[in-house]
Amino acid sequence: MPRRYLLVKVLCGSAFTDQQFHDALDTSVCTHFGDIGFSRIDPRIIKSDQNTATSIISCERREVRELESALALITECGGTSVAVLVLGVSGTIKGLRKRKVR
Amino acid sequence: MAQILKTAGYSTAGLTLPTGLLPERANSIRQTFQDQGIETALRIDLGSPSRTELLRSLRRFRNAYDVVGVKCVNARVATVASRDRRVDVVFFDPVMHNVRFNHSLARLLHGALEINLIASLLTPTDASVLSRLRRTIAVAQEHNVRVVLSSGARKAEMVRTPLQLSAIASTLSLSEAASVAGVSSVPSSIIAENVKKRKPEYVEEGVKIIVSSRR
Chain L
0 MPRRYLLVKV LCGSAFTDQQ FHDALDTSVC THFGDIGFSR IDPRIIKSDQ
50 NTATSIISCE RREVRELESA LALITECGGT SVAVLVLGVS GTIKGLRKRK
100 VR
Chain E
0 MAQILKTAGY STAGLTLPTG LLPERANSIR QTFQDQGIET ALRIDLGSPS
50 RTELLRSLRR FRNAYDVVGV KCVNARVATV ASRDRRVDVV FFDPVMHNVR
100 FNHSLARLLH GALEINLIAS LLTPTDASVL SRLRRTIAVA QEHNVRVVLS
150 SGARKAEMVR TPLQLSAIAS TLSLSEAASV AGVSSVPSSI IAENVKKRKP
200 EYVEEGVKII VSSRR
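Line order of the protein sequences matches chains L and E.
Each residue of the first sequence is one higher than the one before, starting from 0 at the first, in numbering that gives the first Met the number 0.
Each residue of the second sequence is one higher than the one before, starting from 0 at the first, in numbering that gives the first Met the number 0.
Incorrect hints may have been included.
From the structure, some residues in chain E lie toward chain L, with a derived Cβ separation under 7 Å [said to hold, decoys possible]:
no.	residue
1	L162
2	A166
3	S169
4	T170
Keep in mind that the hints were calculated from the coordinates and are not lab data.
Note that the structure is a prediction, hence the values are computed from the model and not measured.
Glycine included, each C-beta is placed from N, C-alpha and C at the ideal position.
Looking at chain L on its own, in the form it has when it is part of the complex (with noise of 0.2 Å):
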């Protein structure tokens, strides 16, 4: 199945793990959508940058909103306080890279 790649960007007062973040999304995902909903959207994180605070995430093209409303109500990564802005969305890895240069 096609998948689409999201470019968020998590702003946090402190630092966190790849592994904190990646359960922070699984739980939200699990939260708002259920366990068929997350087999549904099937969230992956692709690429984490710790430097400019930004991840990409893959998901079902079908579920990217889904995935957009999910990722807009993590409120807490590691025990801090959150939020996660996705600033694209794209049908390629590539396409998300051109955009993050910009």
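Assemble chain E onto chain L, guided by the hints.
For chain E alone, coordinates are given in the frame of chain L:
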């Protein structure tokens, strides 16, 4: 905050400032946003508990602000706010059980319905908030009410991108077109309309002074 709004991709922000704030302080806040390339629209949120108080506040503040919002704290205030043309947006607190957006208010509404998505969803409440929001959106859709989607952010952690706000609204079954319009064309048209009305040459709808009578 201004920098985060810029990162999130906003071009205009509605600033709710206390009514007693000095004009110099308000201007300096607006300047901070403008330095980041974000236009600001001054807004006031009226939370009057009674009809008479709401009307008094509208008389006093309408011309001083770009956007006038009314928090509907009870059914009487909701009815007056929906009917009054001076009100730009009405909004409801989803935690309050005594008043909600219903079909009769939707029929009366002149302005737009504002939904503070993030402020509603991030407060520690139960899942019934989601169902109440869903019901509000269904009523608004049925009556073709203009919907403004807002984060209602009071601090930086509550800011979300316009894309995310429209995504949440779509997930709550607002149509794709309405959810996109709710973060773009609807709020910008409200601001543009009010800026036009606040100009000195504006007289009323369709009437404006084009030649000054001063000699």
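Structure-based check of all given hints:
1. Contact between L162(E) and chain L, as hinted, is supported at the beta carbon level, the nearest pair being about 5 Å apart and thus within 7 Å.
2. Taken as an interface hint, A166(E) checks out: its beta carbon lies about 4 Å from the nearest beta carbon of chain L, inside 7 Å.
3. A distance limit of 7 Å between C-beta atoms decides the matter here; for S169(E) the minimum to chain L is near 5 Å, and the interface restraint holds.
4. Annotation: T170(E) was flagged as interfacial toward chain L, and the flag holds, the nearest CB pair being 5 Å apart, inside 7 Å.
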